[in-house]
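Given the structure of chain A, go ahead and fit chain B onto it with the hints provided.
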Amino acid sequence: MSQWTKNRNILVGLSIISLLIFIAVFAPQIAPHNPTEVNSKIRLQPPSKEYPFGTDHMGRCILSRIIYGARVSLLVGVAVISGSLLIGIVFGTVSGYFGGLADDLIMRLVDGFLAIPSMFLALALAGALGPGLFNLMIALIAVEWTSYARVVRGSILSVKEQEFVEAARGLGASDFYILVHHVLPNIISPVIVIATLGIGYAILAAAGLSFLGFGVQPPTPEWGSMLDDGRLFMRKAPYIMVFPGLAIMITVLAFNFLGDGLRDELDPRSRKEIPH
Amino acid sequence: MLAYITKRILLIVPALLFVSIISFSMVYLAPGDPAEVLLMSPNGSPSPEAIDAFRVRMGLDQPIHVQYLRWLNNVVHGDFGYSYMSEQPVSGAIMKSFRATLKLSIVSMIISIIVSIPLGILAAVKQNTIIDDLCRLGALIGVSIPNFWQAFLLILFFSVYLDWLPVAGYGNGGDLEHMILPAITLGTSSAAVTARLMRSSLLEALSQDYITTARAKGLPEKIVIGKHALKNALIPVVTMLGLNLGFLLNGAVVVEWIFGWPGIGDLVVDSIYKRDYTVIQGSIIFIAVIFVTLNLIVDISYTYLNPRISYESVD
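Heads up: the sequence lines are chains A and B, in that order.
Take any residue in the first sequence, note its place counting from 1, add 3, and you have its number in our numbering.
Take any residue in the second sequence, note its place counting from 1, add 13, and you have its number in our numbering.
Bound-form chain A, shown alone (with noise of 0.2 Å):
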């Protein structure tokens, strides 16, 4: 552990996390204005002492919906990758460990998802499932759960050939123990790398698709849509543009900087090959 906080980019990612966690589960305690409350008279105003971040075209507090807008945000982002671990930790583990027909079918089966662009994928699903976070999601688990079904297959199929997984037959462990005991922990590693790296992917993608419209619904505070809500007055109002894109930039690049620090201690190949 103390090793870990050496490298600077997990310390930095890290910290930036735990304060975006604080900040979701504290919003109303944290928030200066109700992030919904709509005032006309408030219109578009600039940043003030009183709205620090400024009002949107409907006299709602920025920096309010900001604060709310990470609950969104690390919400998708957590679960998207919890479903798509789950669904690629079973698909990958009964390819990699089992292999024959199965592990033929499932990697078909990934090739296909694979095979369309993520985006296009995703802005698909979720345009033909119809707006809202739970179909949002969806859309993005049904890009994400591949990456983790072949790592977690390439790793077990280098794994199971191994001594002491062969010693573990040897002396009559069962399929089951084997992976839960020795298969498993040796697959965490890479597992974890690619799981930070991708909450930071899917708060990027679902940001994006809230953007199109196609994600979380008006009025809740979602960094995306309200860059879609800002459009309209970029000339007159550039602010709201700034902040929420701000926000959403700090985020993915926390997941970014925390993810690339793991893989430089979790990973001894890239530390050995790539000095850094």
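Careful, some of the hints might be misleading.
Derived pair list, reagent style DSBU-like, types lysine-lysine, alpha-carbon separation capped at 35 Å [as the list claims (entries may be wrong)]:
| id | chain 1 | residue 1 | chain 2 | residue 2 |
| --- | --- | --- | --- | --- |
| 1 | B | K20 | A | K163 |
| 2 | B | K116 | A | K239 |
| 3 | B | K230 | B | K240 |
| 4 | A | K239 | B | K287 |
| 5 | B | K244 | B | K230 |
| 6 | B | K116 | B | K240 |
Just a few of them, taken from the derived set where beta-carbon distance is under 10 Å, the chain B residues facing chain A [to be verified]:
| id | residue |
| --- | --- |
| 7 | L24 |
| 8 | F31 |
| 9 | G259 |
| 10 | A265 |
Part of the chain B face toward chain A, derived, beta carbon under 7 Å [stated by the list, open to error]:
| id | residue |
| --- | --- |
| 11 | P27 |
| 12 | W162 |
| 13 | A229 |
| 14 | N263 |
| 15 | V266 |
| 16 | V267 |
It is worth saying that the hints were derived from the structure and are not from the lab.
Don't be surprised by glycine CBs; every beta carbon is placed ideally from N, CA and C.
Frame of chain A, contents of chain B only:
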């Protein structure tokens, strides 16, 4: 090698078949009857006769499997049907917009190469200095910045504030003036990825024994890096450029829509808004074919350039 290529090509068939099922069933994933939704007007629901007539005209009255097989047969022959909205052939719309996307992608690619390769080399050569740190931070920001926000910042600065470039549009057949901002936006993330790869790949090459030998025999550092290390370091970068086209396709969805660039991303977003299913289906299939072919070429060229990779174990 030949067996590997054959196997890879054969594996494309089930993948594309799956894509065809996904795109075809898109119509049925959506809530509501497509015919009714499409004919809905401000005056209220369409009459049952109008719905029936529309169904017959668009072939929606047949059983699902018949519709699918008929559609698939047409698709294989390059016929994607007619748009529900404009009633024009879908294939024409796709080809037209794909040309616009291709044009934009090539310019983005050029911009991203010009920026990323020198930066990646610089970061590697100046490893662990402030220059390296800045390059790496820049690359990380490049992959984290939402492209729709970056587009807005560029428009705000270059179009609204400086008034140098048009806000959006295709201009006179997609001229350079209209292309600069979307191309920069689109190229950013691939530039970031390429710069990172260039850096790590050059660092790896520089740690090899032949570099030590080259240095030991007294070659100047410029030749060691420029001639010996870079040649090997560029192999993964060049193959990555192929994969970057996939990145560009993904980015095109939002970027084209924001800048009103009439490419395939814009076409898909627009037809999803309009629920123009034949166009959505056709575009997804078309994009998948392009994407899969691209990945195949990348994989084959990678194994060709890198004989150390055994293709027997790759599936």
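Results for each hint:
no.: 1; hint: B/K20 - A/K163; verdict: holds, 25 Å
no.: 2; hint: B/K116 - A/K239; verdict: holds, 33 Å
no.: 3; hint: B/K230 - B/K240; verdict: holds, 15 Å
no.: 4; hint: A/K239 - B/K287; verdict: holds, 30 Å
no.: 5; hint: B/K244 - B/K230; verdict: holds, 19 Å
no.: 6; hint: B/K116 - B/K240; verdict: holds, 33 Å
no.: 7; hint: L24; verdict: holds, 6 Å
no.: 8; hint: F31; verdict: holds, 3 Å
no.: 9; hint: G259; verdict: holds, 6 Å
no.: 10; hint: A265; verdict: holds, 8 Å
no.: 11; hint: P27; verdict: holds, 5 Å
no.: 12; hint: W162; verdict: holds, 3 Å
no.: 13; hint: A229; verdict: violated, 20 Å
no.: 14; hint: N263; verdict: holds, 4 Å
no.: 15; hint: V266; verdict: holds, 5 Å
no.: 16; hint: V267; verdict: holds, 5 Å
Against the hints set out earlier in the document, a violation occurs for number 13 only.
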